[in-house]
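J.: Protein chains in written order, with this note's numbering: chain A, 854 to 1015; chain B, 854 to 1015.
Please note that the accuracy of each hint is not assured.
DSBU-like, lysine-lysine: derived pairs with alpha carbons at most 30 angstroms apart [claimed, not checked]: (1) LYS954(A) - LYS898(B); (2) LYS855(A) - LYS855(B); (3) LYS951(A) - LYS855(B); (4) LYS879(A) - LYS898(B); (5) LYS951(B) - LYS951(A); (6) LYS951(B) - LYS898(B); (7) LYS951(B) - LYS879(A); (8) LYS951(B) - LYS954(A); (9) LYS898(A) - LYS855(B); (10) LYS855(A) - LYS879(A); (11) LYS879(A) - LYS855(B); (12) LYS951(A) - LYS898(B); (13) LYS898(A) - LYS879(B); (14) LYS898(A) - LYS951(B); (15) LYS898(A) - LYS951(A); (16) LYS855(A) - LYS898(B); (17) LYS898(A) - LYS898(B).
Worth flagging that the hints you see were computed from the coordinates, not collected in a lab.
Values in this document were obtained by computation on a predicted structure and should not be read as measured data.
Protein chains: 2
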Amino acid sequence: MKYLEDIRVGDVYEIGRHTFSAEEIKSFARRFDPQHFHVDEEAAKTSHFGALCASGWHTALAWMRLMVAYRRREAEAARARGEPVAGIGPALGFRELKWLKPVYVDDTIDYRGEVIETRVSRSRPGLGLMTIRSTGVNQSGETVISFLSTTFVERRSGATGD
Amino acid sequence: MKYLEDIRVGDVYEIGRHTFSAEEIKSFARRFDPQHFHVDEEAAKTSHFGALCASGWHTALAWMRLMVAYRRREAEAARARGEPVAGIGPALGFRELKWLKPVYVDDTIDYRGEVIETRVSRSRPGLGLMTIRSTGVNQSGETVISFLSTTFVERRSGATGD
């Protein structure tokens, strides 16, 4: 990832997209969120969703998986250019995680992040903090998931343990 | 679940506990959150966590799984007593999801929820809304995860489609 000093409010990260198959929706939900509208097509028809749809956690974890891969690609590209790669800390949590629309079978969700705040950490002035609004948008242009996350990022002058 | 009229602020739900084995931590993270401190014991030692620890999403999903089982047990117990079972809607999202401490190998997390608000829905007055603060506490008494969720619940006089 970039150093705090190189990150601008409004920067957009195109994280990647994921298509949710019926098998994957059911397999995820059987293991983690076995509610009838996530595991059973027939039962889902009479639920208020009207059809099988992905667990909201599944929609979030598809983002996580893509985000790890995105960071790796970015780091490799920076190394290939001979640039230093800034460290990034783990997320401390998420705010305002909203599942705005159901994700149905074969929906493709396009994930992106937009930087909405950057600042120096008050508790650890050697580090910065970056707040991102992440969204997932389906093939019809509807936002299905949205959340805010704040992460420690390195400063050019600072140092981080990880 | 109970009807809105039978839910009190301060009610506590003991959802259940889960122990995180090294194999489960790595298996989850390989699939969804393959950062080195979640998938590789040796690499984790030099990370700022100091040892292999569970993905925060894993800690959240262990809660989800236990919550679905908890609701089922509650519904079955109510039916066995000959009582009606109120419907409960899916969560619309989560707020203030915080991973406060790492979850290390063989940690046992005890999940509970406390009702912090109940009210009639403004948009759908036939339904109620219940806000719960959910927490997971490890065997040393440290809170490792905390979040707020708001869910539609049935009213005695109302009706819900699911």
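J.: None of the hints should be skipped; say for each whether it holds.
T.: Hints, verified against the model:
1. LYS954(A) - LYS898(B): violated (40 angstroms)
2. LYS855(A) - LYS855(B): At roughly 49 angstroms apart (the allowed maximum being 30 angstroms), LYS855(B) and LYS855(A) break the hint.
3. LYS951(A) - LYS855(B): Distance of about 24 angstroms is within 30 angstroms: holds.
4. LYS879(A) - LYS898(B): violated (35 angstroms)
5. LYS951(B) - LYS951(A): holds (15 angstroms)
6. LYS951(B) - LYS898(B): holds (23 angstroms)
7. LYS951(B) - LYS879(A): Roughly 27 angstroms separates the two Cα atoms, so the pair holds.
8. LYS951(B) - LYS954(A): holds (24 angstroms)
9. LYS898(A) - LYS855(B): holds (25 angstroms)
10. LYS855(A) - LYS879(A): violated (37 angstroms)
11. LYS879(A) - LYS855(B): Distance ~28 angstroms between LYS879(A) and LYS855(B) Cα, so the pair holds.
12. LYS951(A) - LYS898(B): violated (34 angstroms)
13. LYS898(A) - LYS879(B): With Cα atoms ~35 angstroms apart, LYS898(A) and LYS879(B) exceed 30 angstroms; violated.
14. LYS898(A) - LYS951(B): Violated. LYS898(A) to LYS951(B) sits at ~34 angstroms, over the 30 angstroms cutoff.
15. LYS898(A) - LYS951(A): Cα-Cα ~23 angstroms, so holds.
16. LYS855(A) - LYS898(B): With a Cα-Cα distance of about 25 angstroms, the restraint between LYS855(A) and LYS898(B) holds, given a limit of 30 angstroms.
17. LYS898(A) - LYS898(B): Violated, at roughly 48 angstroms.
Consistency note: the structure conflicts with the earlier hints numbered 1, 2, 4, 10, 12, 13, 14, 17.
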